[in-house]
Amino acid sequence: MNFDDTPQEAEFRTKARAFLDAHLKKLDPTAGEAGEFENESRDDIARAKKWQATKFDAGWAVLTWPKEYGGQGLGRLENVIFNQEEAKYHVPPPVYGIGHGMLGPTIMAHGNQAQKDRFVKEMARGQVIWCQLFSEPAAGSDLAGLRTSAVRDGNDWIINGQKIWSTGAQYCDWGMIVTRHDPNVPKHDGLTYFIIDMKSPGVEIRPIKQINGGSGFNEVFFTNARVPDSQRVGGVGEGWKVSITTLMNERVSIGAGQGAGRVKDLFRLARKVKRGGKPAIQDSATRQKLADFFVVSKGLQYTGYRTLSAISRGATPGPEGSIGKAVGAPLSQAMALFASELQGAVGGLLDRSASPDASWMEGYLASPGIRIAGGTDEVLRNIIAERVLGLPAETRADKGIAFRDIPSSAARK
Amino acid sequence: MNLEFSDEQKFVQKAARDYLAEHSKLDVCRKVLESGQPYAAELWKGVAELGWLGTAIPEAYGGAGLGYLELVLISQELGRALAPIPFSSSIYLCAEAILQAGSEEQKKKYLPKLAAGELIGTFALAEGTGDFNANDVETKFDGKSVSGVKLPVPDGVSAGIAVVVAKEGAGVSLVLVNLDGSGVTRTNLAAFDPSRPQAKLEFTAAAGERLGAAGAGAKIASAVLDRAAVLIGYEQIGGAERALEMTRNYTMGRFAFGRPIASFQALKHRMADVFAKIQIALSNGYYAAWALSNDNDELPVAAATTRVAACDAFTLACEELIQMHGGVGYTWEYDCHLFYRRARGLASTIGSPNEWRDTLVTRVDATI
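Residue numbers (my numbering), protein chains in the order written: chain W, 1 to 413; chain B, 414 to 781.
Because the hints were derived from the structure by calculation, they are not lab data.
Mixed in with the good hints, there may be bad ones.
Stated by the list, open to error - Derived EDC-like pairs (lysine to aspartate or glutamate); straight-line CA-CA distance at most 16 Å:
| # | chain 1 | residue 1 | chain 2 | residue 2 |
| --- | --- | --- | --- | --- |
| 1 | W | K289 | B | E472 |
| 2 | W | K88 | W | D28 |
| 3 | W | K264 | B | E768 |
| 4 | B | K521 | B | E472 |
Remember, predicted model here, so these are calculated numbers, not experimental data.
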């Protein structure tokens with residue numbers, strides 16, 4: 001049991017800092033953060049690509065990937081160390097989370113050699129960006145209820161239907177899509193997974209305006225869009241199995257560190273604002289809440305370390321990764337609300353000229369999205385209940401029934 | 414970073430679990446609770462013979478000279494078994510106070526007996542409903558003898574010695590008092606958890622010897638309570654884990670509307686919440702156990718964090734244990750109330766979770 005860096009880890013951290021120092025400006029740790037799901041500008045994307053190329057060329061990109069695919073063949077611990085250090089600097093907005101965190105590992109796990117050679121290394125250098133095409137208007141938590149169809153046509157597949165909540169699709173070059181190739185079998189059995197060129201004819205992308213005004217997500221419409229069979233990932237009918245790999249990686253990447261980072265900012269805010277003429281941090285009701293936020297934040301941080309310590313020995317990420325997001329997402333919302341309340345009347349504004357801590361109010365407006373994206377609070381609780389605690393699944397009305405016979409809100413329209 | 418307990422440490426835990434599964438079944442706890450006995454004497458003897466009491470006591474003082482990483486795992490198992498013995502009072506509080514502040518002579522005199530279980534010790538700080546704060550005590554020490562009233566004192570009736578927190582002049586000192594000596598009156602109190610008894614101790618010029626320097630009592634007490642918070646935290650986590658397992662097993666076997674009640678999301682989601690709370694406590698506990706085993710500067714923050722998280726987890730797990738059992742959970746016959754009682758008992762000892770929250774904020778604020 002040792003929470004400190006080993007000598008090797010400490011040496012790695014020093015090297016990472018030296019690289020980052022040479023290229024980036026350090027953040028002021030006392031300044032607030034920007035809100036989530038910002039609408040990245042074209043300029044942001046260009047900066048993100050430039051920074052990714054710099055990292056790749058210097059050997060600091062996709063550290064956990066094998067060297068043959070542009071990675072460094074390092075462990076998850078080194079990756080976390082690098083991320084911890086990188087987070088202390090001004091970096092362009094993150095646009096590679098989905099590709100590097102989820103889609104690359106999915107191709108490496110289920111793709112054929114030609115797909116790995118063609119796509120994975122290119123993804124690593126980040127000059128093309130990838131998005132995920134999973135959710136649909138009538139298939140969210142019940143993802144396997146998706147209806148976008150894939151019909152075989154010679155060496156191609158023809159895709160029709162609609163995806164939604166595709167992060168970054170408006171600036172992405174490639175996507176990974178799960179489709180239904182057979183509605184006559186039970187829902188999980190009729191799915192097939194593809195890599196799709198987002199610039200191909202028949203693909204239309206429309207950004208979604210969110211409650212916070214941002215447009216991080218998109219609707220994507222497919223009208224007779226063609227995908228060559230060589231871009232199928234996994235076998236025909238194996239789409240669900242492949243999707244699960246993507247989703248498990250999603251929960252691990254989204255779960256890592258939600259909310260935990262900001263608890264010290266909350267203490268700083270409570271020092272600054274007044275309650276009854278004194279700093280709020282001296283107010284006992286405020287102190288009770290601060291303590292609870294600290295306890296949960298730290299508990300999440302160390303739970304993350306425990307998971308890492310276990311999987312750095314080579315195990316695949318397990319369902320315990322769900323705890324991070326199940327607890328972290330509502331924690332982010334609760335902390336943002338509390339910080340907004342601490343600011344009194346100003347807590348009702350979204351105006352940086354009125355409060356240097358407006359990022360909390362922005363965060364409160366963004367936080368409902370975090371509780372839904374990448375597995376809702378409810379889905380994550382089901383996962384903990386069923387896969388960790390071994391509780392029975394909810395009785396299902398769609399079990400063993402051919403997909404076309406399952407009652408659905410989409411079919412009723 | 415390596416957050417695994419070693420194979421040897423896991424072996425200690427497994428051995429403890431196996432022993433307690435046989436010798437500390439829940440009817441052992443129930444028997445103490447119902448009979449008014451101060452503790453399970455046979456279990457205490459067995460635990461002493463196995464050397465558990467001296468796990469973190471150096472060999473020079475009759476201990477096994479292992480460490481806190483082993484002790485926390487034993488503690489987790491004692492919590493899981495609801496072991497009705499004065500382990501925490503005698504070892505986490507009294508022996509720790511002597512280890513932290515005792516003279517060589519005091520260590521040699523008391524620690525071997527505490528490690529062997531021949532002598533039971535306790536720690537007397539509380540004086541009624543006020544703050545659990547060493548600086549707030551009224552009990553007085555004049556350099557030779559102690560006068561005042563302490564309540565509640567865990568295991569105060571069965572203990573042979575107590576570390577008493579008392580005012581000495583303008584400061585606060587710790588005083589070792591032989592509870593079998595003259596000037597000590599003990600009264601058993603009705604405890605929320607009678608499997609872990611509580612007492613009122615009245616001192617009338619009872620002879621005592623100082624433990625640590627005069628006036629250093631508050632500082633030592635704080636260090637002792639931090640250490641106890643981690644050790645008791647593991648006991649709470651062990652109890653919470655068992656309560657969740659019992660909840661799971663019962664709801665899997667209980668059918669309503671033609672299906673196991675464990676298949677209803679209303680229950681599943683709450684069990685997931687209990688699980689998450691336990692993980693939060695356990696992860697904080699890992700950090701605190703590491704800090705404790707290293708005497709690391711992080712211990713004060715980590716201990717307070719663990720204390721709050723462990724109280725919350727055990728309390729929630731036991732409330733849900735009864736709730737998800739339904740009516741039978743409210744019967745004396747079912748074991749749910751043994752856990753519910755233990756959770757409240759442990760959360761009320763060494764200061765309430767709300768006081769620890771306040772302490773935590775003070776400590777964190779000093780580091781930002």
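Hints violated by the structure (numbers, ascending): 1 and 3
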